[in-house]
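**Student:** Each chain is listed here by its residues.
There are 2 protein chains.
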Amino acid sequence: MRCQICRGKASVEVRQHHAAFCPLCFVQYFLKQVKRNIQAHKMFSSSEPLLLVVSGGKDSLSLWDALLHLGYNVTALHLDLGIPGYSDRSRDACSAFATEKGADLRIISVKEEFGVSIPELAKRTRRVPCAVCGRVKRYLFNRYAVEGGFTTVVTGHNLDDEVAALLGNLLHWQTGYLARQHPHLPSTHPKLAKRVKPLYTLTERECLAYALIQRIPFLAEECPHAEGATTILYKEALNHIEEASPGTKLAFMKGFLKHKDIFRVVEEDVKLRECTLCGQVTTEGICAICRLRERAGAVVQG
Amino acid sequence: MRCQICRGKASVEVRQHHAAFCPLCFVQYFLKQVKRNIQAHKMFSSSEPLLLVVSGGKDSLSLWDALLHLGYNVTALHLDLGIPGYSDRSRDACSAFATEKGADLRIISVKEEFGVSIPELAKRTRRVPCAVCGRVKRYLFNRYAVEGGFTTVVTGHNLDDEVAALLGNLLHWQTGYLARQHPHLPSTHPKLAKRVKPLYTLTERECLAYALIQRIPFLAEECPHAEGATTILYKEALNHIEEASPGTKLAFMKGFLKHKDIFRVVEEDVKLRECTLCGQVTTEGICAICRLRERAGAVVQG
Chain B
1 MRCQICRGKA SVEVRQHHAA FCPLCFVQYF LKQVKRNIQA HKMFSSSEPL LLVVSGGKDS
61 LSLWDALLHL GYNVTALHLD LGIPGYSDRS RDACSAFATE KGADLRIISV KEEFGVSIPE
121 LAKRTRRVPC AVCGRVKRYL FNRYAVEGGF TTVVTGHNLD DEVAALLGNL LHWQTGYLAR
181 QHPHLPSTHP KLAKRVKPLY TLTERECLAY ALIQRIPFLA EECPHAEGAT TILYKEALNH
241 IEEASPGTKL AFMKGFLKHK DIFRVVEEDV KLRECTLCGQ VTTEGICAIC RLRERAGAVV
301 QG
Chain G
1 MRCQICRGKA SVEVRQHHAA FCPLCFVQYF LKQVKRNIQA HKMFSSSEPL LLVVSGGKDS
61 LSLWDALLHL GYNVTALHLD LGIPGYSDRS RDACSAFATE KGADLRIISV KEEFGVSIPE
121 LAKRTRRVPC AVCGRVKRYL FNRYAVEGGF TTVVTGHNLD DEVAALLGNL LHWQTGYLAR
181 QHPHLPSTHP KLAKRVKPLY TLTERECLAY ALIQRIPFLA EECPHAEGAT TILYKEALNH
241 IEEASPGTKL AFMKGFLKHK DIFRVVEEDV KLRECTLCGQ VTTEGICAIC RLRERAGAVV
301 QG
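Chains as they are written, first to last, in the numbering used here: chain B, 1 to 302; chain G, 1 to 302.
Mixed in with the good hints, there may be bad ones.
Any copy will do: because identical chains look the same in the list, a pair fits if it lies in one copy or spans two.
Simulated crosslink set (DSBU-like; lysine-lysine; CA at most 30 angstroms straight-line) [claimed, not checked]: (1) 271 to 235; (2) 271 to 258; (3) 42 to 271; (4) 101 to 271; (5) 271 to 32; (6) 42 to 137; (7) 235 to 260; (8) 254 to 235; (9) 260 to 271; (10) 258 to 235; (11) 111 to 101; (12) 254 to 42; (13) 35 to 111; (14) 258 to 137; (15) 101 to 123.
Rather than coming from a laboratory, the hints here were simulated on the basis of the structure.
Bound-form chain B, shown alone (with noise of 0.2 angstroms):
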């Protein structure tokens, strides 16, 4: 197999677009595609002050990485989930990637903003860690941009991620995230940040294959809650079809977003307002992160 660009000896290959890449093409071709999707969505200029959301896995540290390389003006952020184990070697990993860098990182954690972690908050308010994870993480993350004067929340959301969330939508007809899915989500309200997604078309595999020619030291682990959550399952049905049928993935997102306008139909006007309690953006009086506090607190009372 030979690299498309240099006719060297390919070692990546990247079936979605029936190519192959030498290890230094390739890191050429993802900065390219990169660059591609921010510019193609009107992600967010050159200037603009992003904040970008790490974990310290092998896409938001690829993403972080490649940000770095194009010159944008990026300050990242992680979140300390307070999960034994797990998070410390999460923080460790961003850590020394900015330290090697020389890279601008804010650390921030749930225990602090909250009184208690991820998992004593998923067992207080009786939920699925996942679910009180994505809730707490989105707010903190929005709130963190809006108050620090950051234009963007930039997130490492790989095309996997996209398509099992879009199957997931699909599957359960969940209109209303339907018309919310893109991967250029535009503020709507001065206290609501952009939220962008710079890696949408960018396979697992493909930022697994950057971040090991960039010898970026991510941290390979998932988390421990993650196991047997649906979107796992939703990413192994459409491997699945992938394997026998390269290009499945990229063209069902595609896809979706250049019919996406008939979600919008049905979806009602969301009128957003400021929670009567922090203040925050949200649809309802209590913003639900006030009202998992609440919960939170209850039930410790209880």
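Fit chain G to the given chain B structure using the hints.
**Tutor:** Positioned in the frame of chain B, the structure of chain G alone reads:
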């Protein structure tokens, strides 16, 4: 495990409904589901002359058995595809059932209608057999129904068939197919019979259980051309999800039917007219079947 109706020993588990039945009560459950689907979608009345398409497999023969039990006015039609061995065994299964039940079975053959069998037609037109076969079947079944005074073409498509088609249409955003996918497609032209699928909520496994309990002499063999078909791939992917999350397929199908009007907005008005060569209904000047015939002839001459 106890039968949820008679409390006797259950031997058939229906995981999508968290239910289990003894063989006799399962048969009653199956018949009730078929009847409910027919009535809920106003598919046909008990006196209407129905043309049921039978392949000799578990689905179509189970449906034939069910429609006879429920007292519908059903005539079966089997199409001999001319696939060596497989087609003989398929025809024999249909004939055995008809003889046993004293039921009305008509048999036509692709070779008599087109001069060549399905494999030969696929070869001559350089098309995938499944694509040619599907087209030929729809054409011949409709023509036979309309010319014979049958109001309705009934097919044995089960839930697995329908969700596999739905997933395929969504993965490739075939909005035209999505707009037309429904268990009851009404007639929109005097030369077009109504098409219905009374088994659309029943899984392949449930149809198999019904056929086994009722001792229906079905052909268990798959069509030799089906191997590697994308439909099988989609079924495997959906089975993987259903295994961990029973009821997903049914929810996927029902959610789609609830929301399917959203696909109508993107679907252009399709104007039906009569083929200038054969007089059958088409959306173009010459119908797909006459073009297929021409192509087959041209290749032979060429």
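**Student:** Indicate, hint by hint, whether the structure satisfies it.
**Tutor:** To see whether the hints hold, each was checked on the structure:
no.: 1; hint: 271 to 235; result: neither (33 angstroms within a copy, 40 angstroms between copies)
no.: 2; hint: 271 to 258; result: both (26 angstroms within a copy, 25 angstroms between copies)
no.: 3; hint: 42 to 271; result: within (25 angstroms within a copy, 40 angstroms between copies)
no.: 4; hint: 101 to 271; result: neither (42 angstroms within a copy, 63 angstroms between copies)
no.: 5; hint: 271 to 32; result: neither (38 angstroms within a copy, 45 angstroms between copies)
no.: 6; hint: 42 to 137; result: within (24 angstroms within a copy, 48 angstroms between copies)
no.: 7; hint: 235 to 260; result: both (21 angstroms within a copy, 25 angstroms between copies)
no.: 8; hint: 254 to 235; result: both (17 angstroms within a copy, 23 angstroms between copies)
no.: 9; hint: 260 to 271; result: both (21 angstroms within a copy, 26 angstroms between copies)
no.: 10; hint: 258 to 235; result: both (22 angstroms within a copy, 26 angstroms between copies)
no.: 11; hint: 111 to 101; result: within (28 angstroms within a copy, 72 angstroms between copies)
no.: 12; hint: 254 to 42; result: within (16 angstroms within a copy, 37 angstroms between copies)
no.: 13; hint: 35 to 111; result: neither (36 angstroms within a copy, 57 angstroms between copies)
no.: 14; hint: 258 to 137; result: within (29 angstroms within a copy, 33 angstroms between copies)
no.: 15; hint: 101 to 123; result: neither (38 angstroms within a copy, 61 angstroms between copies)
When held up to the earlier numbered hints, the structure conflicts with 1, 4, 5, 13 and 15 and fits the remainder.
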